[in-house]
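With these hints in hand, go ahead and build the complete structure from the sequences.
So the chains spell out like this:
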Amino acid sequence: MAFKIDLENPEVAIRETRLGSITGYNGNIGEIAACAEGAGGCALKNRERQFSQMSACSSGCAHTYLTRIADAAIVNHAPVGCIADTTVNNAEYKWGRKARGLGRANIRLINTNMTENDTVFGAAEKLKRAIREAYRRFNPKAIFVTTSCVSGIIGEDILSIIQAARAEIPVPVAPVFCEGFKSQIWASGFDAVFHAILTNIVKPPQKKSNKMNMINFTGSARKKVQEMLERFGVEPVFMVPFSTIEQLEKASEALATISICGTLSGYFGHALEKQYGVPYVKSIQPHGIAGTDAWLRAIGSLLGKEKIAEDYIREEHAKIADELAALRQSLKGTRAVVGMGPNYAHNYIRLLEEFSIEVVWGASWHYDPIYDNGKIPPAVQHLAESGKEELPFSVVDQQVYEIVNLLNRLKPDLYIGRHPGMTVWATKLGIPAIMVNDEFSAYGYQGFLDFGQRILDIMTNRNFIRQLSEHTRMPYTDWWMEQDAFRFLRETGRE
Amino acid sequence: MSEFIEQIRYVCALGSYHSVLAIERAVPILHAGGGCGQKLARTLGLSNGCQGSGYTGGHSIPCSNIGEKEVVFGGENKLREVVGNALKVMDADLFVILTACTSDIIGDDALEIARRFQKDGYPLVAVETGGFKGTNFFGHELVLDALIEQYLKPAGHTEPGLVNVWSVVPYQDPFWMGTYNEIEKLLSLLGLTPNIIFGPGPKRGIAALRKAPAAQFNLLISPWVGLSNVKRLEDKFGTPYLHYPSLPIGPSETGRFLRAVAEYAGIEAKRADKVIKNLEAQYFYFIDRASDSLLETRLMPRRFLTVADSFYALGLARFLIEDMGLLPETQYITDGAPPKYQQALADEFKNFAGGIKAEVKFLSDGGEIHEDIRRKSFRARPLLLGSAWDRVLAQEINAYQLSVSTPVSNRMVLDRSYVGYSGALRLVEDIYTLVLEDYQ
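Protein chains in written order, with our numbering: chain G, -17 to 477; chain R, 36 to 475.
Don't read these hints as lab results, they were simulated from the structure.
Here the structure is a predicted model, which means the values were calculated and not measured.
C-beta atoms are modelled at their ideal positions from N, C-alpha and C, and glycine is treated no differently.
There may be inaccurate statements among the hints.
Said to hold, decoys possible - Pairs of lysine to aspartate or glutamate residues, derived as EDC-like cross-links and limited to a Cα-Cα distance of at most 20 Å, are as follows: (1) Lys168/R <-> Glu98/G; (2) Lys80/G <-> Glu431/R; (3) Lys206/G <-> Glu297/G; (4) Lys80/G <-> Asp473/R; (5) Lys123/R <-> Glu464/G; (6) Lys108/G <-> Glu403/R; (7) Lys193/G <-> Glu288/G; (8) Lys375/R <-> Glu98/G; (9) Lys27/G <-> Glu103/R.
To be verified - Label pairs and their calculated CB-CB ranges: (10) Gly85/G <-> Arg324/R: 35 to 41 Å; (11) Asp450/R <-> Phe446/G: 16 to 22 Å; (12) Ala(-5)/G <-> Pro237/R: 51 to 57 Å; (13) Pro158/R <-> Thr442/G: 41 to 47 Å; (14) Glu464/R <-> Arg472/G: 52 to 58 Å.
Below, the structure written as structure tokens:
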């Protein structure tokens, strides 16, 4: 088993090279589960596209994650368009602060506004001034410098510039290498952030704490998570959004790292485990019943508190039994398609089946055949072991034309997605669709029931769906709608 | 232009793919990284009055998703393939290739690729919009120039009364649809035939675009954006243009606007006067009725700050000063207006009815603007017309805040417009609702 993490290098290797991750594929769960040995075994061949629609990039993921750290600043070395994602980051940041009873504040980010001249002559001095200016304006506890396609292609010497800045700025200045063109897997941007945190922020442990690093996005279910962990006598620290630099420094002192999303947390979790011996809980995630059971058991076993886990599971199962039976009765026979990031897709396929919903197709935006410990993603293994090997599964990198074609052919009763900009197309086809915007949508037992009710609600009143589908046109030719959805996946290996 | 950008209020040149989206049945094809289009749609779309995917926006936009391989070996083959297949997959009548930073730096020749497709009879143009070249206001001009140069053909005749309307930048202005509709209504009242390419409907879109060379004149309602386009149309088709710098908001400016257009178009002054009189009567009926509240509610703002692009900074200032009797604090123009236009624009702010002047600052860096405003002191609560970024500052300085300029992420905007007489009423409603809601 090859371990994939190298904290000596200032730049994290992209997922394509580290994990053999892919963005184009069509097959089934059994096949992807069998290809878990990475490059040494039956590596999944990536298939490129002869036609594509806009996707996303690493820098977007990096900004999403960094902008909400409570007391850090970001300097983005790029033309101004590269921070066009930050208006959404700011809305999310303000919402998150409001939910925590904090005052209104904007994110703290400066863009170096690279111009044509800068692409010719470089803009090292400007970046230095921007770092100084960020320190002056925001008085942050750390500064993260994010790169861009332009800074990457012109070969800006980011490390030297940062080295110079460190001499005059009394807080950590950390490079985050997230050039969009370098990886087709935008989640590489999360790895870049975690790598920067691991190599610049996290300190060696002084003592062991009573806390667990809870890796997530919004912390919307803070109370629920706290209540659950209280039973075990431990408390969560929600990371990375809304955590402080001081909290991140102490990530090495935690009892364990737990997570709501394996795609997000894998790199950090495995690295903390390797570097500082902080165990990373690798069970399937706490979405749905099996997920929550497994997660609680893993935590219980880690802490030597198995009985607490079993008691809690028993209590909660009893509490939800009647409501769950009623939901299953109502949702039985519903045919669904799932299109999400990997891990979420695999976890949601499992939890939808727990409602007696039949998942007829699964798609993820990319796929990691292995995680950083060299092992198969647990959610995929779980699906394969519970008889879902034959379930069709594709990797579509947010390609709307593929999903629309597929939905039009399969005509499911329900589409479950995550990431903005897909649900609307399913709805225009007349298919009730839910976007799982909040990562805690089906968290724990009660969250699972709430999510079931949400599905039932969207399927009960279909009038908006009918109206929208009857009064809009799809932007695809009849020719395309009659083709195989994966016609443009080219049969080649990675070059 | 500011050295740095904190708080983005416009995007890069590639963001002008939104001007293509605003033309019905036109599809942009981005020769860009996978994240460029998505990011730009966030600021100009979702965070700007909730302008979502529509017919072919959002993740439906064809894009070459440039990766390391293209950066090293060039991306022309990939672009050619994506364009060729986009023509088969997407149901559209016009395609516009837009290049990005990456493709421009590595030197891919998208224009040549477009020419090949044009030769084969495909309705396709290309434009180099590498983000580092400038703002999306500038990019909007590049897109229109590309359409004029590569797509439009001489009409061979002039249609009297036909007026091409060029004004606010679609999507960058969340009110663009309502605004073009309102201008259309006003011009129609004068007896003109407005020809507008942006927005849905059988008269708009590609039909309007193809008709543009036959217009009697081009009407540019804009402080500076689009000036190069109407000049180009004049060079290419001999069509004269009227440049009206201020977005007409409220009775004073809209009256001037209608008279100026009528005079330029050779319409009798009497006709314009009659139109104006009718519209003023309707407008003042409501203002009359609202005056008790406007005059006697104790918390009404007397002074206003604007942090907006030049369209709105000027248009709003004219209305609030000349019709509503407010006094201007500093007006911040955030659209990166090129230096050659700044003096003329600043002069517009020295010339309000009643001899009132406003200080103008050209700054694109929200952090710098906020620091400047924090240094001021106010005797009473001011009105701050800006963007969602300014809600934080508004709380600090105890201002009433209304988002009118990118990013308008705290409002949903459908067909609302602040232009003309009815637009001014909407603005009065929005401002004073804000005050009343805050009061109770």
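Consistency of the hints with the structure:
Straight-line distance between C-alpha atoms of lysine 168/R and glutamate 98/G comes to about 5 Å, which keeps the hinted pair within the 20 Å bound. Only pairs whose Cα atoms come within 20 Å are accepted, and lysine 80/G paired with glutamate 431/R is accepted, the gap being roughly 16 Å. For the given pair, lysine 206/G sits about 15 Å from glutamate 297/G by alpha-carbon distance, which is consistent with the 20 Å threshold. Restraint check for lysine 80/G and aspartate 473/R: satisfied, since their Cα atoms lie roughly 18 Å apart, inside the 20 Å limit.
As the CA atoms of lysine 123/R and glutamate 464/G are separated by approximately 12 Å, the hinted pair is consistent with the 20 Å bound. Pair hint lysine 108/G plus glutamate 403/R holds up; C-alpha atoms about 16 Å apart against a cutoff of 20 Å. For the proposed pair lysine 193/G and glutamate 288/G, the alpha carbon gap of about 18 Å is at most 20 Å, so the pair holds. For a cut-off of 20 Å, the pair hint linking lysine 375/R to glutamate 98/G stands: about 19 Å separates their Cα positions.
A C-alpha spacing of about 18 Å is found between lysine 27/G and glutamate 103/R, which places the hinted pair at or below 20 Å, so the restraint holds. For the pair glycine 85/G and arginine 324/R, the supplied restraint of 35 to 41 Å holds, since their beta-carbon distance comes to about 39 Å. Checked against the given bound of 16 to 22 Å, the beta carbons of aspartate 450/R and phenylalanine 446/G, roughly 19 Å apart, stay inside it. About 54 Å separates the C-beta atoms of alanine -5/G and proline 237/R, a value consistent with the hinted range of 51 to 57 Å.
Checked against the given bound of 41 to 47 Å, the beta carbons of proline 158/R and threonine 442/G, roughly 44 Å apart, stay inside it. At roughly 56 Å, the beta-carbon separation of glutamate 464/R and arginine 472/G lies within the given 52 to 58 Å, and the hint holds.
Checked against the numbered hints above, the structure violates none of them.
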